[in-house]
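Q: What follows is each chain in one-letter form.
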Amino acid sequence: MNEDAPRDGDGEGTADGRTDGGASEVGMAASGGTAPEERSVAGRVRGRLAQFGRLDLSVYALYLLAIAFFVFPVLWVASASLRPPGELFSYPFRLLPAEISLSAYRRVFRAGMVTWLFNSTVITIVGVGSVIAVSVPAAYAFSRFEFTGRRGLLGIVLLFQMISPVIIIVPLYTVMSTLGLLRTRVGLILLYVGIQTPFSIWLLKGYFDTIPQELDYAARIDGCNRFQTLRHVLLRPVAPGIAVVAIFNTVLTWSEFVLAFTVLGSESRLHTISIGVYKFQGQYSNDWRAIAAASVVGMLPLVIVFLGLQRYFVKGLIKGSLKGQ
Amino acid sequence: MGEAKRKLLDHPLPWLAPTLLLLAVFQLYPMLEAILMSFTNETLVRTGTQFVGPEQYIRLATDPEFWDMLRVTAIFAFSSVVLHVLLGLILALAIDYGVRRGLPGHLTTRVSVLLAWIVPGIIIGLVWKVMLVENQFGAVNHFLGLLNIGPVPFRSDPTLALVSTIIAGTWRGTAFTMIMIYGGLQRVPQRLYEAARVDGAGRWARFRHVTLPQLKPVLFVTTVLVTIYSLNTFDLIFALTGGGPGRATQVLALFMYQEAFQDYALGRGAAIAVVMLVANLLLTGVYLYAFDVGDEI
Amino acid sequence: MTDSDRSTDSHLEVRTLDKTYPGGLTAVEELSLSLASGELLVLVGPSGCGKSTTLRCIAGLEEPTDGDIRIGGRSVLGRRPEEREIAMVFQNYALYPHKTARQNIGFGLRMTTDLSEETIETRVEDVADTLGITELLDKKPGSLSGGQQQRVALGRAIVRDPSVFLLDEPLSNLDATLRGRMRTEIQQLQRDLDVTTIYVTHDQVEAMTIGDRIAVLRDGQLQQVDTPMSCYHEPANRFVASFIGEPSMNLLDCRLGPTETALTGTVDYPLDDRLAAAASEARERGVVLGFRPESPTLSTATDGDDAAAPSFTGQVDVVEPIGERSFVYVTLASGPQVTVATPGRTPVRQGASVDVRIPPAGVHLFDAATGQALVHPDRDDQPDVAGITTEELD
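Protein chains in written order, with our numbering: chain A, 1 to 325; chain B, 1001 to 1297; chain C, 2001 to 2394.
Treat the hints with care, since some could be wrong.
[What the hints assert, rightly or not] Reference listing, derived: stretches of chain B covered by chain A, where coverage requires no fewer than 3 residues with Cβ under 8 Å from a Cβ of chain A:
# : stretch
1 : 1028 to 1036
2 : 1102 to 1112
3 : 1122 to 1136
4 : 1249 to 1260
5 : 1270 to 1279
[What the hints assert, rightly or not] Sample of chain A residues with no beta-carbon within 10 Å of chain B, all distances over it, derived:
# : residue
6 : L102
7 : F118
8 : R185
[As the list claims (entries may be wrong)] Here are the simulated lysine-lysine pairs, BS3-like style, with alpha carbons at most 27 Å apart:
#  : chain 1 : residue 1 : chain 2 : residue 2
9  : B       : K1216     : A       : K315
10 : C       : K2140     : C       : K2099
11 : C       : K2099     : A       : K315
12 : C       : K2140     : A       : K315
13 : C       : K2099     : C       : K2139
In case anyone wonders, no lab produced these hints; they're calculated from the structure.
Predicted model, so just to flag it, every value in this text is computed and none were measured.
Even for Gly, the Cβ is constructed at its ideal location relative to N, Cα and C.
Modelling step: build the complete structure from the supplied sequences, incorporating the hints.
A: Right, dumping it as structure tokens:
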């Protein structure tokens, strides 16, 4: 399988089997040559099969394997979470629950699920909003102003983007402590904005750069100051970029663990979903149903958002991840 | 009044001020502080921090545990990178092929891979914990049982535990490499394939002489990014194995976290952080060099 | 002979404008222009010559390093674009992509005036009516063709009733046929509105056809400001000579011979008294012999009339037929290649040996060192090409 796939994917259009059969697809090219008038139904079927060649079959096999590998764990966890007590560890092994029980979810609910979801939602919405509010003007400035130190500053921004916050978590802890921001949502949000802004600036600057400068000039001649130019003229063209930044940061913020764990620590009423689920599994370390239920609660909101916005997400991802090439 | 406001808006500073402030407080200062801290014996439990010079680094260098950790991190990162890039490449090629031939199913595949990527790291750890339950009722062990293997102690055997973390990491991260490489494939000029066909190149030859050379820059950049990312992995391992059994899966990030927040040895934690920082900076340098972002700035 | 001095009451005046960028790049140097009210001046030159910078300085999008810009007799330096009573049309139109044509045209009025919605609406519709785009008002730029976008951009400019109109390569994004039509439309519009206009282009044909006067710019320096015909027939220097006119003027580097009655060098060309007198000014520095492709005549080596004109033998490299005329590229025996325009049905073929006769009446001379023109042909003596007399052209 592994050796087939790379050859398959080099990506020609259609009718590979027939037109370039000579080189590598001898097997499936043969029946294509039948003269049209002598084609029976069987011949046409064979033709179809020939077109739908070995290559497509191996690609399909790969698709199935990939889907199984990437989706099965999620489905299995969902399935495990819905079992009644005891069923998970009894014969016979079932892929799907014999009967649905929400008892595991009740346990997660009692442990504070609503609080976690609330905290995560608030932090994500306010955090992502703040990231956008901070990074849009900055990206505008980097795209539209000429000033000394601009290149250097952009380089530093890029550098910060590359460096994981895990590395600086120790001094961050003391910074947060000094500023009195430990165990506060505001502190965590500020921290997130500081951490996530560099990437957002880079991405947005790319979008701003694609908007011709003449649009700014036209706006100035029409009487706009810089703020009005941004607000009335540039914001709309750059909106797709803002959407990408919003989606990206939503995923990041919702998923973030180590900073939240460090900043919010023991304050259980402030726990986000990641912390909540982590602490919960520590308490019920052998209750797999409950852990599964907690996991489902933790990922479901994002999964729903993702499936809904899937198309924009992929587009944005491609744009975002390939920045600069 | 209005004139002053306009003047202000014509200067870049007001536009950048919030960003600069936040970056200074939450990125620049901590980074410098980490370096300073690594030359002290600062702890969370007592006052009277002293400057101790390179002592933390000497202790690290002479600590066999640290070298173990380094080895674990290297194995984890290296295997992750190889798997990420290989799997990402194969999937990108397969999806690209499906898109061009109009095979249904490529979208579902892509969505499935991406789905794994948006699951929070902590929860990935838990998902795999549930998947890898170490008796015959665990999903993976059940299937292995059908092949008369197991049950396999995925998380309690030191070697297997490391393998498990690598698999879970690959499960999450492949989406990124797949998207990167897929994007790279879209930028290979079609006329190169046409030219190669005219020259009589078969599929393999076209892959070998057109696709691969054209993808080289993307593959390189992707590799660097995944390496950085793998070196900093924390949450997933934290939830899946917690670094155990023993210290079998304790990567540097975990080690640092535990030194600092469980043993309260901030100075020592900072020294490990600086080691990681240096590795990150080196790789970032490579990335910048390869990416040639200079043009874009 | 020129009317460049008619603008005693200039409406737009650029005085010794300098623009140097922080990096040290000088875009415009000591540029002075003066436009009478209602005049259309074309600013033409190769890309990077500073014409767009000049325009942006006039618009207030950039501040000049030195010099002054006066509109209606008052300096506008330091004033914001919207306070200068100017309007501008951009190369790529710069229409706001998310706004309808109506909103695009009305935006400036909304931002800068206190006019009521109805007044704005009426003015937008009047303008749309003038430009014939009433049906397009509720469409967005993305769904408009190039020509339609161009009209909307013009509408956005004229709705504000500006006293100066700045057009930056307004036609360069259109295809050839549309360009011709829009050119006449813009010309017509400008006459009807009687607005002082600066029109920037890199296309000398466009410049020739549209401008009352044209200003030729090179490397930030003004080369010549004159009527199109004067720039063509009496180019101030070697650059203007080669830039204006298609194909370019033939320019041959020579020097004055010892007797001062002939040029020697790439060609040996005998000078009559008029030319000799002019050439003597550049005696030490060398002389460039120039003649338009229309000026010489070709004859195959055997026949020979018009013996009065100096003749040079050469070989035909390429014949380029364009219809009513053909351009013949001839390499002279002494080395240089020259272009000769011949009637379309010329019997001359590639590889043929020909005599190129260059009548003195069609010769320009330039100072080889400074590039300045020394003498131009008498305009009445111009050969009559394609049946049009030069008097009619003027």
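Q: Per the stated criterion, does the least C-beta distance between L102 (chain A) and chain B lie above 10 Å, as a non-interface residue requires?
A: 17 Å, holds
Q: Is the straight-line distance between the alpha-carbon of K1216 (chain B) and that of K315 (chain A) 27 Å or less?
A: 22 Å, holds
Q: Tell me if the straight-line CA distance from K2140 (chain C) to K315 (chain A) falls inside 27 Å.
A: Between K2140 (chain C) and K315 (chain A) the Cα gap is close to 24 Å, so the pair holds against 27 Å.
Q: Would you mind confirming whether the straight-line C-alpha gap from K2099 (chain C) to K315 (chain A) stays at or under 27 Å?
A: Holds, at about 25 Å.
Q: Go check the stretch 1270 to 1279 of chain B versus chain A for me, would you? Three or more residues, Cβ under 8 Å, otherwise it fails.
A: holds (count 4)
Q: Do three or more residues of the stretch 1028 to 1036 of chain B come closer than 8 Å to chain A, measuring C-beta to C-beta?
A: holds (count 6)
Q: For the pair supplied as a hint, K2099 (chain C) and K2139 (chain C), confirm whether the alpha-carbon distance does not exceed 27 Å.
A: Judged against 27 Å, a Cα distance of about 8 Å means the pair holds.
Q: Okay, the stretch 1122 to 1136 of chain B and chain A, do three or more residues pass the C-beta test at under 8 Å?
A: This one holds; 11 residues, not fewer than the three required, reach chain A with a Cβ under 8 Å.
Q: Would you say the stretch 1249 to 1260 of chain B counts as covered by chain A, given the rule of at least 3 residues with C-beta under 8 Å?
A: holds (count 4)
Q: Run the C-beta distances from F118 (chain A) to all of chain B and say if the shortest one exceeds 10 Å.
A: 16 Å, holds
Q: With a cut-off of 27 Å on the C-alpha distance, tell me whether K2140 (chain C) and K2099 (chain C) pass.
A: Cα-Cα ~6 Å, so holds.
Q: With 10 Å as the threshold, tell me whether R185 (chain A) passes as away from chain B on beta-carbon distances.
A: Given that every Cβ of chain B is farther than 10 Å from that of R185 (chain A), nearest at about 16 Å, it holds.
Every hint from the earlier list agrees with this structure, and none is contradicted.
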